[in-house]
Amino acid sequence: MEALKQELKEKIIAVLNLEDITPADIANDAPLFGEGLSLDSIDALELIVLLDKDYGIKLTDPKEGKAIFQSIDTMADYVTTHRTK
Amino acid sequence: MNKGVAITGMGIISAIGNNVEENFHALTSGQKGISPTDNIDTVHKGEIKFGEIKKTNAELIVELGLPPDNNFSRTALLGTLAAKQAVENAGISDVNSYRTGLVNSTSVGGMDTTENHYYEYFEKPETVKYIAAHDGGDVSQKIAEELGLQGFVTTISTACSSAANAIMLGARMIKAGKLDRVIVGGTDALAKFTINGFKTLMILTDSYNTPFDNDRKGLNLGEAAAFLVLESDAVVEKEGKKVLARVIGYANANDAYHQTASSENGEGATLAMKKAFEVAGISPEEIDYINMHGTATPNNDLSEGRAVLRVYEGKNVPDFSSTKAFTGHTLAAAAAIEAVYSVLAIQNGVVFPNLNFKTRMNEFDLLPQTEIKHKNIDKVLSNSFGFGGNCSTVIFSKD
Amino acid sequence: MGKTFINGIGCVSAQDTVNGFPSEFIIDPSTNYLEIVKPDYKDYFSPIASRRMAKGVKNGIVASTVAMKEAGNESPDAIITGTGMGCIEDSDKFLKAIIDNKEEFLTPTSFIQSTHNTVASTIAINLGCKAYNFTYVNGAVSFESALYDAKLQLDADEAHSVLIGGVEEMTEYTKSLFKLAGFIKPDDSGPHNILEADTKATVFSEGATFFMLEDERKDSTYAEILDVEIVNKLTPEEAAEHAEAFIRRNNLTLHEIDAVVLGYNGDSEFDGYFKAVAKNFDFAPQMYYKHVSGEYNTASAFGLYVGANILKSQQIPSDLKANDESRPAYRNMLLYNQYRGLDHSFTLISV
Chain A
1 MEALKQELKE
11 KIIAVLNLED
21 ITPADIANDA
31 PLFGEGLSLD
41 SIDALELIVL
51 LDKDYGIKLT
61 DPKEGKAIFQ
71 SIDTMADYVT
81 THRTK
Chain B
1 MNKGVAITGM
11 GIISAIGNNV
21 EENFHALTSG
31 QKGISPTDNI
41 DTVHKGEIKF
51 GEIKKTNAEL
61 IVELGLPPDN
71 NFSRTALLGT
81 LAAKQAVENA
91 GISDVNSYRT
101 GLVNSTSVGG
111 MDTTENHYYE
121 YFEKPETVKY
131 IAAHDGGDVS
141 QKIAEELGLQ
151 GFVTTISTAC
161 SSAANAIMLG
171 ARMIKAGKLD
181 RVIVGGTDAL
191 AKFTINGFKT
201 LMILTDSYNT
211 PFDNDRKGLN
221 LGEAAAFLVL
231 ESDAVVEKEG
241 KKVLARVIGY
251 ANANDAYHQT
261 ASSENGEGAT
271 LAMKKAFEVA
281 GISPEEIDYI
291 NMHGTATPNN
301 DLSEGRAVLR
311 VYEGKNVPDF
321 SSTKAFTGHT
331 LAAAAAIEAV
341 YSVLAIQNGV
351 VFPNLNFKTR
361 MNEFDLLPQT
371 EIKHKNIDKV
381 LSNSFGFGGN
391 CSTVIFSKD
Chain C
1 MGKTFINGIG
11 CVSAQDTVNG
21 FPSEFIIDPS
31 TNYLEIVKPD
41 YKDYFSPIAS
51 RRMAKGVKNG
61 IVASTVAMKE
71 AGNESPDAII
81 TGTGMGCIED
91 SDKFLKAIID
101 NKEEFLTPTS
111 FIQSTHNTVA
121 STIAINLGCK
131 AYNFTYVNGA
141 VSFESALYDA
151 KLQLDADEAH
161 SVLIGGVEEM
171 TEYTKSLFKL
181 AGFIKPDDSG
191 PHNILEADTK
201 ATVFSEGATF
211 FMLEDERKDS
221 TYAEILDVEI
231 VNKLTPEEAA
241 EHAEAFIRRN
251 NLTLHEIDAV
261 VLGYNGDSEF
271 DGYFKAVAKN
281 FDFAPQMYYK
291 HVSGEYNTAS
301 AFGLYVGANI
311 LKSQQIPSDL
321 KANDESRPAY
331 RNMLLYNQYR
341 GLDHSFTLIS
351 V
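Protein chains in written order, with the numbering used here: chain A, 1 to 85; chain B, 1 to 399; chain C, 1 to 351.
Hint data in this document are derived by calculation from the structure and do not stem from the laboratory.
Each hint should be verified, as a subset may be incorrect.
What the hints assert, rightly or not - Below, simulated DSS-like cross-link-like pairs (lysine-lysine); rule was C-alpha separation at most 25 Å, straight line: (1) C:K130 with B:K275; (2) B:K129 with C:K175; (3) C:K175 with C:K38; (4) A:K63 with A:K53; (5) C:K130 with A:K58; (6) B:K274 with C:K175; (7) B:K129 with C:K93; (8) B:K124 with C:K179; (9) C:K321 with C:K279; (10) C:K200 with B:K45; (11) C:K279 with C:K233; (12) C:K200 with B:K129; (13) B:K275 with C:K3; (14) A:K11 with A:K53; (15) B:K398 with B:K373; (16) B:K398 with B:K315; (17) C:K218 with A:K11; (18) C:K3 with C:K179; (19) A:K53 with B:K217; (20) C:K96 with A:K53; (21) B:K45 with C:K42; (22) B:K275 with B:K217; (23) B:K3 with B:K55; (24) B:K398 with B:K375; (25) C:K102 with A:K85; (26) B:K129 with C:K96; (27) C:K321 with A:K53; (28) B:K398 with B:K275; (29) C:K3 with B:K178; (30) B:K217 with A:K63; (31) C:K96 with B:K124; (32) B:K178 with C:K233.
What the hints assert, rightly or not - Facing chain A, from chain C, some residues (calculated, C-beta under 8 Å): (33) P47; (34) I48; (35) R52; (36) P108; (37) R331.
Said to hold, decoys possible - The following label-pair restraints were derived from C-beta to C-beta distances: (38) A:A3 with C:E24: 51 to 57 Å; (39) B:N362 with C:S46: 36 to 42 Å; (40) C:G272 with B:F122: 58 to 64 Å.
Just so you know, these numbers come straight off a predicted model, no measurement behind them.
We put the CB at the ideal spot given by N, CA and C, even for glycine.
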């Protein structure tokens, strides 16, 4: 699980082009949207594609992302239970 | 009331018709132009529908009498066709007999040819001619060339509000006495670029778009071109021109909220409508029909609906509909085709139906006009909004 | 009728222009592409804020910030940009992704950012500016269209301040296509003489130049914009006649023009336009600038930057002189540009 969380952080930094941010800067339980990293709806769409491409998880409604992308913890939980690759 | 600027000609090609008459017939008989694509080789063929014009590029080239070695993009082909119709409709024989300009608009320009040849340019020398056909300006140069126009030519690209802004600039130039006559409008062809772009935003419906419906799932992309001829009152008088309608109000405002999404309360849209009323010198109650932007995305229709309610606070909202269920969302051309529809609404005293509507939205009590309605129409307000928070309103009036 | 003054300028180009008008210019005749001098972006926005910005957007933000700061005005009544090619870095990126991934696994960012009005809308969002926001995309008159629109509003007192700018960016792939199409001179074909061209095509570059236009003269004023005209297509002879008529229409005689700024770009095929216009002004100091800025659709905004600085300083840098004429004082200046025989612009500025 810890390895997956680290992996997710690295991927998020890469796909969202978060220069100057390291995985250590992102706490597992910190909110990704709103406060914290202050990500927005476009970032959410990027993360939806990340789930599809790297973990074989297809979301059809962008609203589903809201709960999944609350924090690294929630994201890792979702990936663990739903991944197809 | 502001006297406005005279509209003396119009031309259009869209998924519901190859000229003004065909478009009017489809609008009044409820025939939508949404279908699977025949012309585009996309992997999404089976899952989504489009407001596609069924003519192929080869057919358009023959119709326009272009030489075989031309490098017209589909955007330029459609634009030229519609612009020529508009000039003919205005009874213009010598386009340069007055100071005449062209204000075109497009969002993708020649992307349709670029995406077909992108990796081929180095292997197929016969495709190299299309490199110069990529940018928006090339589309306008080609239209001007085909019209034989020498003068002020420019192109606006503010995403899906583009053509409204072209109409606005043209009207302002006539008012300022900079031009005697100006051809204004927009053109956009379907392209894999925009199909996939809107798909990544997850705002394409897998069915027929349903503007202002509670269960709306998104838009159908479309393609179209339309142009209006605007002329100064001096030219109208001298030539004894028939005035189809007038552009009396216009405004552009920015939502300054988000790169793609509209603000929750429709701030930019509200500002655009309010300013357009000011320019027109009329009050909101004087509007008989609103042709909404109404793309049928969850975000747009909510934001636009709220903006309309803000503008009509304490007043009755006029009859309104979105014609995008007929044509799909034709991006930069949308405001141009809807300008033609607004003029048709005035000329024929008809409110076009908002197709595919079933359920009122939860957020507010707004019901679009779902059946065709005949009544006297003096003034029409047309909204168009685009990426980058670009919000535009144009108001048309009976002469 | 309102007047139009240039009260602030910001410029990102192949020269060190972010920090003011250079006293010396980098001139490299050997290359067919001039790299820009990159500003220190971190001085203008945080990495998080710029995570989606391509080069052109970044340069546009820097240039517009500098222009507004110099004019001491961060709330323009309108924001108007011009860009011939638009945001091609993101447009190339998205198109490549579509083709390479066969329309799968695409993400929205580059699509969103590829829209032509990205720079104008990003500025609006950053400023919270809800005013008029337009973007023109008409080849070499993209910038002049923005200028024209701004002047229309200032003339009519519909606006008191308008932020305008021209932005262009280049990508490696587009560069290779432009070489293939014969728009950029072939690699290793130099040295290139921009003024006395003997080969076709041009030396390219990219850049962003913004101007804060206001209806009042103030300490930071560079020049007044008297008039601007745009014509889609002319012959060289017609261009020369047009320049004359344009000046007369502004109640000036040819001899009242103290300097002419011409868009010579080293393309022997279309140089005749500049020569034809120049001929009528052989008595006046003439300048060129694309040997220091490179050619791009909005390079003429760099030309206006040069002209405005010369009127302000009353000095013509020797690197930019196209002839040996000089004047004790520079009052009225004509700028002329075209690209490949299309998109002609005539701009008249004054002290």
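Hints, one by one, checked against the model:
Pair hint K130 of chain C plus K275 of chain B holds up; C-alpha atoms about 12 Å apart against a cutoff of 25 Å. For the suggested pair K129 of chain B and K175 of chain C, the alpha carbons sit about 15 Å apart, so the restraint of at most 25 Å is met. Between K175 of chain C and K38 of chain C, the direct Cα distance comes to roughly 19 Å. Compliance with the 25 Å bound is thereby established for this hinted pair. For the hint pairing K63 of chain A with K53 of chain A, the CA-to-CA distance comes to about 19 Å; that is within 25 Å, so the pair holds.
Using a Cα cut-off of 25 Å, the hinted pair K130 of chain C and K58 of chain A is violated, with the two alpha carbons roughly 37 Å apart. Distance restraint check for K274 of chain B and K175 of chain C: the Cα-Cα separation of roughly 45 Å exceeds the 25 Å cut-off, and the hinted pair is therefore not satisfied. Distance hint between K129 of chain B and K93 of chain C is fulfilled; the C-alpha atoms sit about 22 Å from each other, no more than 25 Å. For the hint linking K124 of chain B to K179 of chain C, the alpha-carbon distance of about 15 Å falls within 25 Å, and the restraint holds.
Pair hint K321 of chain C plus K279 of chain C holds up; C-alpha atoms about 15 Å apart against a cutoff of 25 Å. Of the supplied pair hints, the one linking K200 of chain C and K45 of chain B is violated, its CA atoms being roughly 44 Å apart against a limit of 25 Å. Between K279 of chain C and K233 of chain C the CA atoms are separated by roughly 20 Å; this keeps the pair inside 25 Å, and the hint holds. The suggested pairing of K200 of chain C with K129 of chain B holds, with an alpha-carbon distance near 17 Å, which does not exceed 25 Å.
The straight-line distance between the Cα atoms of K275 of chain B and K3 of chain C is roughly 24 Å, inside the 25 Å bound, and the hint therefore holds. The hinted pair formed by K11 of chain A and K53 of chain A meets the criterion: a straight-line CA distance of about 12 Å does not exceed 25 Å. Between the alpha carbons of K398 of chain B and K373 of chain B the distance comes to roughly 18 Å, so the proposed pair stays at or under 25 Å and holds. For the given pair, K398 of chain B sits about 23 Å from K315 of chain B by alpha-carbon distance, which is consistent with the 25 Å threshold.
Straight-line distance between C-alpha atoms of K218 of chain C and K11 of chain A comes to about 51 Å, which puts the hinted pair past the 25 Å bound. Straight-line distance between C-alpha atoms of K3 of chain C and K179 of chain C comes to about 42 Å, which puts the hinted pair past the 25 Å bound. Taking the CA atoms of K53 of chain A and K217 of chain B, the gap is about 24 Å. The hint holds against a cut of 25 Å. About 17 Å separates the Cα atoms of K96 of chain C and K53 of chain A, which keeps this hinted pair within 25 Å; it holds.
Distance check on the hinted pair: K45 of chain B and K42 of chain C sit about 44 Å apart at the alpha-carbon level, beyond 25 Å; violated. A C-alpha spacing of about 31 Å is found between K275 of chain B and K217 of chain B, which places the hinted pair above 25 Å, so the restraint is violated. Between K3 of chain B and K55 of chain B the alpha-carbon distance is near 39 Å, which puts this suggested pair outside the 25 Å criterion. Proposed proximity of K398 of chain B and K375 of chain B is supported: the alpha carbons are some 13 Å apart, at most 25 Å.
Of the pairs offered as hints, the one joining K102 of chain C and K85 of chain A holds, with about 20 Å between alpha carbons and a cut-off of 25 Å not exceeded. Annotation: proposed proximity of K129 of chain B to K96 of chain C holds, straight-line Cα distance about 20 Å (limit 25 Å). The straight-line distance between the Cα atoms of K321 of chain C and K53 of chain A is roughly 57 Å, outside the 25 Å bound, and the hint therefore fails. Under the criterion of a C-alpha separation no larger than 25 Å, the hint pairing K398 of chain B with K275 of chain B is consistent with the structure, at around 20 Å.
As the CA atoms of K3 of chain C and K178 of chain B are separated by approximately 17 Å, the hinted pair is consistent with the 25 Å bound. Between K217 of chain B and K63 of chain A the CA atoms are separated by roughly 12 Å; this keeps the pair inside 25 Å, and the hint holds. With a C-alpha separation of about 18 Å, the suggested pairing of K96 of chain C with K124 of chain B holds against the 25 Å cut-off. The straight-line distance between the Cα atoms of K178 of chain B and K233 of chain C is roughly 18 Å, inside the 25 Å bound, and the hint therefore holds.
Using the Cβ-Cβ criterion of 8 Å, the hint placing P47 of chain C at the interface with chain A is satisfied: the shortest such distance is roughly 4 Å. Of the supplied interface hints, the one on I48 of chain C holds, with its beta-carbon coming within about 7 Å of a beta-carbon of chain A, less than 8 Å. For R52 of chain C, the suggested interface contact is upheld, since its CB lies about 7 Å from the closest CB of chain A, less than 8 Å. Here the hint on P108 of chain C is kept, as its CB sits about 5 Å from the closest CB of chain A, short of 8 Å.
Given hint, R331 of chain C at the interface with chain A, is violated; its Cβ is 48 Å from that chain's nearest Cβ, farther than 8 Å. A C-beta distance of roughly 56 Å is found between A3 of chain A and E24 of chain C, which places it inside the suggested range of 51 to 57 Å. Look at N362 of chain B against S46 of chain C: about 38 Å separates their beta carbons, and that is inside 36 to 42 Å. Distance hint check: the CB atoms of G272 of chain C and F122 of chain B are about 31 Å apart, inconsistent with the given range 58 to 64 Å.
Figure legend: structure checked against the earlier numbered hints; hints not met, in rising order: 5, 6, 10, 17, 18, 21, 22, 23, 27, 37, 40.
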